[in-house]
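A.B. asks: Assembly of the complex is requested from the two constituent chains, each provided in isolation within its own frame, with the hints serving as guidance.
Chains as they are written, first to last, in the numbering used here: chain A, 1 to 302; chain B, 1 to 276.
Among the hints, a few may not be true.
With beta-carbon atoms standing in for the labels, derived distance ranges [said to hold, decoys possible]:
1) 55(B) x 147(A): 12 to 20 angstroms
2) 188(B) x 43(A): 31 to 39 angstroms
3) 43(A) x 25(B): 40 to 48 angstroms
4) 110(A) x 33(B): 20 to 28 angstroms
5) 39(A) x 203(B): 39 to 47 angstroms
6) 296(A) x 33(B): 40 to 48 angstroms
Residues from chain A that keep clear of chain B, each with C-beta distances beyond 10 angstroms, as calculated [what the hints assert, rightly or not]:
7) 65
8) 192
9) 214
Per the computed footprint, the stretches of chain B lying under chain A, defined by three or more beta-carbons under 8 angstroms from a beta-carbon of chain A, are [claimed, not checked]:
10) 74-84
11) 249-260
Simulated from the structure, these hints should not be mistaken for lab results.
All residues carry an ideal CB built from backbone N, CA and C; glycine is no exception.
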Amino acid sequence: MSLTSATTSAPDASTRRAPKQRRSWAWLGVVPFFAFLVIFLIAPALSVFQKALFDSDGNFGVDALKNAFTGQNRAAFVFSVKLSALSAFVGVVVGGLLAYTASTLRRPRWLRTFISSFSGVAANLGGVPLAFAFLALLGRQGLLTRIINDGLGVDIYRSGFALDSTAGFVFVYSYFNIPLMVLITLPAVDGLKDSWREACANLGGTSWTFWRRVGLPVLTPALLGGFLLLFANSFSAFATAAALTTKSTLVPLRIGFYLGGDFSSTGEQQLGYSLAAWMMIIMVVNMGIYYVLRRRSERWQQ
Amino acid sequence: MSASAAGRRRLSNVIVPIATVLVCAVYFVLPLIAMTRFSFQSIPVINLRWSNLTSRWSFDPVVEPFRDEQLRSAMYLSIKLAVATVFATMALLIPTTVWVNLRLPRMRSIIEFLTVLPYVIPPIALVAGIRVVQPHARWFLNSHYSLVPFYVVLALPFTYRALDAGMRALDLKTLVDASRSLGAGWGTTLRRAIIPNLRTSIVSASFLTATVVLGEYTIASVLLKPTLTQELVVFQQSNGQQGTAMSLLLLVATTLLLGVLTIVTRKRGGASVTPV
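So here's chain B without its partners, still in its complex pose (with noise of 0.2 angstroms):
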């Protein structure tokens, strides 16, 4: 019985993680093949066979998308609003996670808390609050740019704790103190003592930050603003392949940005690509 016993045991624990693995892995490519034939091979589902499942493949789709002026207008703006929501991050999230850290470490649990909020509130009940004051401000809210701010929010679970983890690691209070006692004010040790040292943390914040962005729709759609996944739906209905190839196409920039982020953070311990 015993023997037996042990057989099954052992069958069961080489054939579940086996199978788990192979399951997984047909169910996360599969999309993505159908996505890449969809885009490039220009033969309906229909009409595909054996004998032409070679013809007709073209990187036209993705290229034609470029020459439509609102596409690329919403693109330009996509990138334009990352770029910003960068900057606008760095400068509001370092020096405060710098000063929580060097003379407010008790206030560190209240600022994680607040900071994790954004998930609480997602961006469908967000935007509703946006609409409620709306009338209100309408001078601000008209700009496409107005919504760099709540960008900022959004991204506010992966940011902080990425910049936090990075600011932990560094001994800041003998940074800061030599810096200071060399004669460089506030100013000077943030750009040339800490920032330098806090290279890899901003580096995958920006990148969290950019993916945020650039897939970020909801709050977009609703407030009509023309950003590029905004497009992207209203594109994608008149013409799908060329909609769903630009898909593909960011699919694969969040991808290489994620990409790159988990293979830098992985050395320093301490990857943030989980919301909570």
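Isolated chain A (complex conformation) (with noise of 0.2 angstroms):
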């Protein structure tokens, strides 16, 4: 009798309290938590932004932000976005094969298990040491350098290869991005149901129908939403290129020679600052569409 008494009237007082409590007081308690992001998250980006919208004399003006698209800047942007789109294709392509065989193949059943794991693993294994395995693969004195070399008789840094070109930077990148891709479209890939396949070929489909006409325009926004988290995953990352190569040839490490450098006498401090600035801008419209796209694949998985 009193155990009942307590937890009934427990619940009552707190909800007559409540309501008082809540209409003035609560939004308090997250006071700290908008503090800390405001301070250490949104004024230092909205600190480049004033940067590179106002001079040091302070007037206004979007020459700062033109002017990140000429002589070295503009080729950086370039070859960040041919490099960023081509190992985000390539991502999006084998990490969808990889997520499908994950999800359809019934057989070895810790295969589904392990790829799963591991994606959640080496989605998270850029960095400074992923660029050292690669040096130590691909590089001049790589190990794959000298099988190929040996076996195929051709060496590869002869004919233009190289870990800081387009394909060198696609190769390495794709370390993290299929499996990154693995474990977003997993979900969606999970959605295509049997029946659907079923009643295609009850209908007179083939493997073929079905892919045109039900799998790929089914998982379409996924994979276009794998794509563009794929570029916004290349495109922002630093360390794993800055411990591939000496030049700035990306829009990451010009942020970074601009940042590291002393250009105060000469201004051109501010041209960072508009490159961070536009990086900022691509990943918000890039991850925009992407949160855009993902509720639209979600549709499908229940």
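C.D. replies: Here it is as structure tokens:
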């Protein structure tokens, strides 16, 4: 008896008191969190835009933002976009296939678990150690470089390969792009129901019909979303690229170049900030579309 | 026609998955093999023959760097930063997520949106912002530990979701009401009722944070902080083999942290190893 009264009276008391509190003071509980984010994330991000839009005399202007697309910076943008698009494409194709394999393969049952666990690990393995692993594999003195040279008689470096070329970066970035693609598309691929395939077959459709009329249309938002996410992932990668090359050929590397040097006399420092501003603009647009697409692809998962 | 089509289909149904898995397996394993060989076998690739494939292997290259004063202090710094970031994350996020789940469920989507922001503002852009405010905050940024709040931010997409998922799996309201009606204050409720129930989430959030901090290079290198990765890149230039061996060690440590994490969270469902 006393137990029931205790359990019923406690929530009662709290609900009676709650409305007053909720209306006035409950939001105070999240103030530390908001303040923290404003100080350590939002304020620095906005100050980049402030630096990019106002020159040292405080005059507003978009010249710096325009200048981000001239000379070497323009080349860096072209290279970054090309490389990110290409490595996103490779990631989507291979990662999509791998996710599909993991989702449909029934025989070795541990394989699916292994693929998804491994993807969880490898998707987060970018950075300095990964760059060193690929230097040991495909550097001038790399193991695979030697194997290809011995096996096929081709010196890949003489035929124009380098780890900091488009092909090289794509090869390295795939190491974290493919697993990320697996992680984000597995739920979508799992959403392809067997009954759809059977329905398609019953109506006289072939495997090709199924993919063209059912499978791919259903997966399109997920695949497009994956492309955007991998693009963003490659476009903003700094650590891996910086450890692979000493040149500043990519947008993140150029930002690092401007931030590291002292350009206060030439005013070039502003260029670094406008590059960073552009990077954030591209990321915001990219991720915005990604979330829209993801909501559409989640429609079929359940 | 239908028989051959079915045969073709069955064949492609077998070949495509097997080929995909094999190609991927080779691609993901080869760099690790090359790295391991380069780290532990002191024979340049040019001189490598079938006959000397098993000779001159040694673990010295991974032991030797620990004697390097600079690298060792970098390692200590990174470990201290990781621990500090874990505690700072918990201090900030546990009360916030409890409060949001309990009293402000309608704010959840705003909070979720905010925690994904660090992905939209990548480290290289964030550190550009830090450079802008640096002249006004030297007293703070001169300390190596000023990296901690920024690392809390970088890990936020992972940590928030790990904690929030754990919190949602609890009947938080009953738990809090029970604890409060037994006379416990908010501090005791957090410490003795909520935190013990969130153990899995807290462990996985901590592991993710540690991985992020130990591997972080962008901010540390631009701000010239002597963290492990930053010093490794410097060290690598003069001593390739030992530098690579140390990177391999870091890679193994990261893999272990993440591997344990994915296994632990698999049972509870909802692993949060993707940033978005």
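A.B. asks: Output the indices of the hints that this structure fails to meet, ascending.
C.D. replies: 5, 10
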